[in-house]
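S.K.: The residues making up each chain are set out below.
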Amino acid sequence: MIHRNVDAVVIGGGSAGLAAALALRTAGTTVAIVEREPFLGGILLQCIHSGFGLHEFRQDLTGPEYAARFVGPVREAGIEVFLNTTVMEIGEEPTGRSVIALSQNQGVVRFATRAVVLAMGCRERNRGNVAIAGTRPAGVLTAGLAQRLVNIEGCIPGRRVVIVGSGDIGLIMARRLTLVGCDVLAVVEIQPYPSGSARNIVQCLNDYSIPLHLGHVVTRIEGRDRVEAVRIAPLSDGRADAGKERRIECDTVLLSVGLIPENELSRAAGVPIDEGSSGPHVDADLMTGAPGIFACGNVLHVHDLVDYVTEEARRCGERAAAWLSGARKDAMLPVVPGANVRYVVPNACAAGRKNVFYLRALVVKNDALLDVRVGGRQARSQKLSHVQPSEMIRFSLEPDAVPERPAGEEAVVEVSIR
Amino acid sequence: MKENTAAGLEMICIACPIACRLTVSQSGPDVTVTGNRCARGDAYGREEFHAPMRIVTAVIPTDSAQFPCAPVRTDKPVPRDKVRELLQKLYATRVALPVQSGDVVITDFDGARVIYTRTLPPDEVASIGEPGAESKGDDKVS
Chain A
1 MIHRNVDAVV IGGGSAGLAA ALALRTAGTT VAIVEREPFL GGILLQCIHS GFGLHEFRQD
61 LTGPEYAARF VGPVREAGIE VFLNTTVMEI GEEPTGRSVI ALSQNQGVVR FATRAVVLAM
121 GCRERNRGNV AIAGTRPAGV LTAGLAQRLV NIEGCIPGRR VVIVGSGDIG LIMARRLTLV
181 GCDVLAVVEI QPYPSGSARN IVQCLNDYSI PLHLGHVVTR IEGRDRVEAV RIAPLSDGRA
241 DAGKERRIEC DTVLLSVGLI PENELSRAAG VPIDEGSSGP HVDADLMTGA PGIFACGNVL
301 HVHDLVDYVT EEARRCGERA AAWLSGARKD AMLPVVPGAN VRYVVPNACA AGRKNVFYLR
361 ALVVKNDALL DVRVGGRQAR SQKLSHVQPS EMIRFSLEPD AVPERPAGEE AVVEVSIR
Chain B
1001 MKENTAAGLE MICIACPIAC RLTVSQSGPD VTVTGNRCAR GDAYGREEFH APMRIVTAVI
1061 PTDSAQFPCA PVRTDKPVPR DKVRELLQKL YATRVALPVQ SGDVVITDFD GARVIYTRTL
1121 PPDEVASIGE PGAESKGDDK VS
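Respectively, the protein sequence lines represent chains A and B. One point on numbering: in the working numbering, the residue at position 349 of the first sequence is 349, and numbering is uninterrupted. Add 1000 to the 1-based position in the second sequence for the working numbering, that's all there is to it.
No lab work stands behind these hints, which were simulated from the structure alone. Just so it is clear, CB atoms sit at the ideal spot from N, CA and C, and this is done for glycine as well. Do not take every clue at face value.
Which stretches of chain B does chain A cover? Using the computed rule of at least three CB atoms under 8 angstroms from a CB of chain A, they are [claimed, not checked]:
#, region
1, 1058-1066
2, 1110-1119
Just the calculated beta-carbon pair ranges, DEER-fashion [claimed, not checked]:
#, chain 1, residue 1, chain 2, residue 2, range
3, B, 1089, A, 327, 24 to 30 angstroms
4, A, 138, B, 1108, 24 to 30 angstroms
5, A, 100, B, 1110, 51 to 57 angstroms
6, B, 1035, A, 327, 51 to 57 angstroms
7, B, 1111, A, 156, 29 to 35 angstroms
8, B, 1038, A, 381, 43 to 49 angstroms
Calculated from the model, a selection of chain A residues having no Cβ within reach of chain B, i.e. all distances over 10 angstroms [to be verified]:
#, residue
9, 123
10, 226
11, 369
Same shape as in the complex, but just chain A:
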C-alpha cells in the first residue's frame, strides 16, 4: 500500500479537476489528482470538435486543445497525478479526511488529507433510465460511448443509425457519424423543442439534411441479436399515437437523453445532494455539507460549456485553499430557486464579496426577466432575450448586493425568471 500526505486530493482529472488542482497549487497547497482513466483531460479528449474556450481563452479550440492548456501547467506545477486509479472511499479521520484508491499497477493508495475536491463529472443516462420497450439486441449505446469509439478507439459502431434524444452530444454525433460514412436516419426528440443548442441543430443536422422528429417517441426497439429497426410515433396528448407509428430499419441506436452527476462517492461520504441539480448542496465557497469536501464541474451540476466548468472549478480551488489556510468563513445567505427556476448553484451567497451563480430555467421563453431578491428586496433585475432549460444562465451579484444578515431576520436570496 502506498501512503501519501497532501493538503488536498482532487478526485477526477477532467476539466474541473485540472482547474481546481491548479488553483490549489497556485495558492501554495500540496495537491494530488486521482484519475481513473489512463490520461488527464477527461471527456474533452473525445470531443474533437471545436467550440471550446470562447469565454476562457477568446479562442475557438477543440476539446484536446482545451485540455492541453491545463495538463501542461498541472505537470509543471508539481501536482502529483495518479492515473488508472479509482477512488473507492472518502473517509473521515481525526485530522481531516482519508481517500482510499485502487490502481492496477500500484495496488491500494491511501491519502491522508485535509480537503477533498469532488470533480468526478457526470455520466450519461442509458436505456434503463428512459425505459424504451422492445428486445435487448446489440447496437444500443449512449452517444458519448459512440463518440469515444469513433474519436479515440477508431471504431465505427454501426452503419445505419437512429439517435434518440436531441442533446448536444447526440447532435454532435449525428454529424460525426455522417462524416465517417454512416447513414444517420433520424433524431427523435420527445419534447416539442430540441434539447441541444440551435447552433448544433443547424451545423450538425441541417447541414447534412438529417431529419429531426420533435414530439416523437421510440415505441419499440426490434432485433434479436443486433438492432434491426426502431418504431417511432408522434405524441398526442402525452401518449404515443399508435395510428401514426412508423418503422425505421437501422442497425444502431444512440441514446442522447441527458446526463447525471456521478455522486455515488459523495453520497457514501455523507454529502447531502440537492434535488434540483442532482449534485451536492454547496455553500458560497463550493463546500458541500460535509466539512472539507468541495465540489465543482459536472459532478456539482451539468454544464453546457466547459468554460464555465473551468471558472467554477478555479473558484472552488481558491476557496478550498483559503479554507485550508484557516480563513474565517464569510457570512452567507441561503439561495433558493423561485418561479420558473429548476436550480441555482451555489446554494448560498457570501456577504461582502462578488458571487457568481449558474441556474437552469424550467421554461422556454423570449424576453424574460431574471429577478433576484434578497430578503424580499430586489437586488438585481436583468433582461434575458431568450431562456430555455438546455441553456445554462450565468449571473453575478456585486459585493454590495448582499448585506450582512440582519440579526433575527429570515433572509434568503430568491432567484426567479418572469
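Assemble chain B onto chain A, guided by the hints.
M.R.: Positioned in the frame of chain A, the structure of chain B alone reads:
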C-alpha cells in the same frame, strides 16, 4: 437548414441562442435578410447565402495500438461544400506517432491548414498508469 422557397432561402440564425428564422432573398444585385432581430443576424444570413464556411474536425488513423486515432482540425473555416473532399484526403492519410499538437498535416486546402490537435507519444514509451513518471512532468500519457 436552407430551404428554397418562393420568398427566398430560409435558415436558422446561430449568432445567438434566440435562433431567429431568417429568409434571405435576392433581387438583382441586392441581397435582403428578413426575420433577424439584430445586425449579427443580417451578417450571418449574408455569409450563409453567399458562401457557408465551416471549421472541419476529424481523426486520422495512426500506426499505434494505444492511440489509434489522431485528432485534426482546419485552422480556419473552409467552404462547406468542400468538406467531403477534404475528408477523403484525410481518410487516405495514415500517420506514424509521435505527433505534436499544432503540427501541420495538410499545408494548404483552399487556403486553410490542417493541424493536429493532440500531442500523442509513440507506443513504446507510452507505459500507462505510473503516477511517479506522470508527476515528473513526463508528457507521455496526456
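S.K.: All the hints need checking, so say for each whether the structure fits it.
M.R.: Each hint tested on the structure:
1. For the region 1058-1066 of chain B, the stated coverage by chain A holds: 3 residues have a C-beta nearer than 8 angstroms to a C-beta of that chain, and at least 3 were required.
2. Figure legend: the region 1110-1119 of chain B, annotated as covered by chain A; annotation consistent (3 residues with Cβ-Cβ distances under 8 angstroms, at least 3 required).
3. A hinted range of 24 to 30 angstroms is violated for the C-beta pair residue 1089 of chain B and residue 327 of chain A, which are about 57 angstroms apart.
4. Hint check: residue 138 of chain A to residue 1108 of chain B, Cβ distance near 43 angstroms, so the stated range 24 to 30 angstroms is violated.
5. Taken as a hint, the range 51 to 57 angstroms holds for the pair residue 100 of chain A and residue 1110 of chain B, whose Cβ atoms sit roughly 55 angstroms apart.
6. Between residue 1035 of chain B and residue 327 of chain A the Cβ separation comes to about 53 angstroms, which falls inside the hinted range of 51 to 57 angstroms.
7. Take residue 1111 of chain B and residue 156 of chain A: their Cβ atoms lie about 30 angstroms apart, and the range 29 to 35 angstroms holds.
8. A hinted range of 43 to 49 angstroms is violated for the C-beta pair residue 1038 of chain B and residue 381 of chain A, which are about 22 angstroms apart.
9. No Cβ of chain B comes within 10 angstroms of the Cβ of residue 123 of chain A; the nearest lies about 22 angstroms off, and the non-interface call holds.
10. No beta-carbon of chain B comes within 10 angstroms of the beta-carbon of residue 226 of chain A; the shortest separation is about 24 angstroms.
11. The Cβ of residue 369 of chain A lies farther than 10 angstroms from every Cβ of chain B, with a closest approach of about 16 angstroms, so its non-interface assignment holds.
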